[in-house]
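**Q** Spelled out, the chains give:
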Amino acid sequence: MDPLDNLSLLAITGRTLALCTTSLILALGLGIPLGIWLGGRRFPGRRVLLGVVNSGMGAPPVVVGLLVAQLFYRSGPLGDLELWYSTQAMVTAQVLIALPLVVALVVAAVASLDEDWALQVRTLGISPLWRNWLLLREIRLGLLAAVIAALGGILSEVGAVMQTGGNLEGETRVLTTAILMYTRMGLFESAYALAAVLLGLMLTLAGLLTWVQYGEKR
Amino acid sequence: MRTRDARNISQGHAVGRRSRKVDGPGTICSGRRGLGWVAGLPGGLLGGVLAVCLGAVLAPEIRAESPSAQASPRSVLLATTTSVRDSGLLDVLLPIFSAQTGIRVQAVAVGTGAALRMGAEGNADLLLTHAPEAENALVASQAVSRRVEIMQNYFVIAGPPEDPAGVATSASAVEALARIHARELPFVSRGDDSGTHKREAALFRDAGVDPHARWPGLTRTGSGMGISLQVAGQRKAYILSDIGTFLAFRERAGLVALSHPEPDLLNVYSVLLVNPVRFPRVRAKEAGTLAAFFQSEIARETMREFGSAQFGRPLFRPLAAQLSSP
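If you read the protein sequences in the order shown, they are chains E and W.
Under the working numbering, the first residue of the first sequence carries the number 1, and numbering increases by one thereafter.
Under the working numbering, the first residue of the second sequence carries the number 1, and numbering increases by one thereafter.
None of these hints come from the bench; they were simulated from the model.
Every residue gets a Cβ at the ideal spot worked out from N, C-alpha and C, and that includes glycine.
Please note: incorrect hints may appear among the correct ones.
[Said to hold, decoys possible] Chain W regions said to be covered by chain E (calculated; three or more residues, Cβ under 8 angstroms):
#: 1; stretch: 101–109
#: 2; stretch: 114–125
#: 3; stretch: 237–250
[As the list claims (entries may be wrong)] Not close to chain W: a few residues of chain E, all C-beta gaps over 12 angstroms, as computed:
#: 4; residue: S55
#: 5; residue: G56
#: 6; residue: A59
#: 7; residue: L141
#: 8; residue: A149
#: 9; residue: M162
#: 10; residue: A193
#: 11; residue: L203
#: 12; residue: L208
#: 13; residue: L209
#: 14; residue: Y214
Taking the hints into account, I'd like the entire structure generated from these sequences.
**A** Okay, here's the thing in structure tokens:
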């Protein structure tokens, strides 16, 4: 029995990266506009929304996984989509886990902006698109924090992706679920190998982002 | 107050400027520390981003990885007990089946309890479990249309080499558990409604012990077999285990097998076909093909050999083929 060959290690790593990228793009794409909107505007019910976001930050991923899995089960409300134990179900769970992190961090970054700065930008009389670009530049450190937080949440998640993906070989098996499986099987060498790859990925990505962050600050 | 000044100034500025209209009347710093100038963003950008994101979700490379997205009828969802999955048997068997038939098997490893529940709700096409009583209940409830016994082995009572309860010299497994309980020696229970846990509960019941009761020495892990075996090893405790997981973990856990094969420890694995009449989404044809494969000569030969190379002894004994596929 050959527990983990290089080819499947590569496939699992590639799949992990593809899923993480997809989830990250989704979480950022939805979270940044939402965060800017929530952070910059005042309207009735805003506090309620902020409360939802903040409690979402602490939502146990395993609960998210449970609910999303139920959603996609054949017997669940979205059973007709035939997406049970699919990468799409996994992405859904990962986005739901990362989204509140992104929104909350962007809200915090926007809310901490100087009032005078906003005033200055407004008096420039430039198009909204350009103003938002200036805003994004201004909160770029907060954005990077949001990216790193989201990436960490997505990459290290195991419970929710196990529940929604099912760790299917060649389909939904990612680094975290494979580590769990090999540990359960008593094949610790394979688990160590996968763990090393996962750690390496996280360190590389976090390092890269930090490097970008410092480059920006210079 | 500074903020009010700021608001007044901002309104003052806005009056004479073209950009005012994009802010919209209600958005100019309507709150204490508002930054209403981002007004134009959410609507358009959010919509655009949503569209991009939906595109990303359906990106071809992701899609190619998920056969269910293609609604391919040539795949089948097998909910299996963790002990079979973790033994590695399916890693050997299923590729043979897929090569033969072109049907891809999605094997989801869950506990027997969870697998049976998935079957009861039509969330899998077929099940591979080892809890005869609960399985027959599913057949009786018509959630499952057919149950086929495919292979068997024996549970083992494992424990520390010193064997303070004298399990090795007990006349039966029931007597062994009664001794452990009477002397309140450490015992580790899965406590997770798995097939192994169900058997353990039945044995304790036969020994006159309420399986739900707590007693000194009892530890419920609520975890899989491997973790439970390691806990038992740490605590020098007794534990009921399937043979495959025990052999994989015995050295690490420092446990030895103390029981002998006997009818009470017989561990029968069955394939259950989820009823397609009751659950129309079930892929009955593919499931039937897989069930028939489990009884085929090549599958039985694989089961017979499996484990010999790694453990020096086979882990499963295939059972004679029952009635052939429907």
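**Q** Determine for every hint whether it applies to the structure shown.
**A** Hints and how they fare:
Given as covered by chain E, the stretch 101–109 of chain W passes the check, having 4 residues with a CB less than 8 angstroms from a CB of that chain where 3 are the minimum. Counting residues of the stretch 114–125 of chain W whose beta carbon lies closer than 8 angstroms to any beta carbon of chain E gives 3, which reaches the threshold of three, so the coverage claim holds. With 3 residues bearing a CB less than 8 angstroms from a CB of chain E, the stretch 237–250 of chain W meets the requirement of three and the coverage assertion stands. The claim that S55 of chain E lies off the interface holds: its Cβ sits roughly 22 angstroms from the closest Cβ of chain W, which is beyond the 12 angstroms cut-off.
Listed as outside the interface, G56 of chain E is consistent with that label: its C-beta sits roughly 18 angstroms from the nearest C-beta of chain W, beyond the 12 angstroms cut-off. The beta carbon of A59 of chain E is kept farther than 12 angstroms from every beta carbon of chain W, the shortest such distance being approximately 20 angstroms. Non-interface call for L141 of chain E relative to chain W: holds, since the shortest CB-CB distance, roughly 17 angstroms, exceeds 12 angstroms. Distance check on A149 of chain E: its Cβ is at least 19 angstroms (rounded) from any Cβ of chain W, clearing the 12 angstroms threshold; non-interface status holds.
Distance check for M162 of chain E against chain W: the nearest CB is about 9 angstroms away, which does not clear 12 angstroms, and the non-interface claim fails. Its beta-carbon lying about 17 angstroms from the closest one in chain W, A193 of chain E satisfies the requirement of being farther than 12 angstroms from that chain. No Cβ of chain W approaches the Cβ of L203 of chain E within 12 angstroms, the least distance being about 25 angstroms, so the stated non-interface status holds. Residue-level check passed: L208 of chain E sits 21 angstroms from the nearest beta carbon of chain W, beyond 12 angstroms.
At roughly 20 angstroms, the least C-beta separation between L209 of chain E and chain W is larger than 12 angstroms, which holds for a residue marked as non-interface. Every C-beta of chain W lies more than 12 angstroms from that of Y214 of chain E, the closest at about 27 angstroms, which supports listing it as non-interface.
In the structure shown, a violation is registered for the earlier hint numbered 9 alone.
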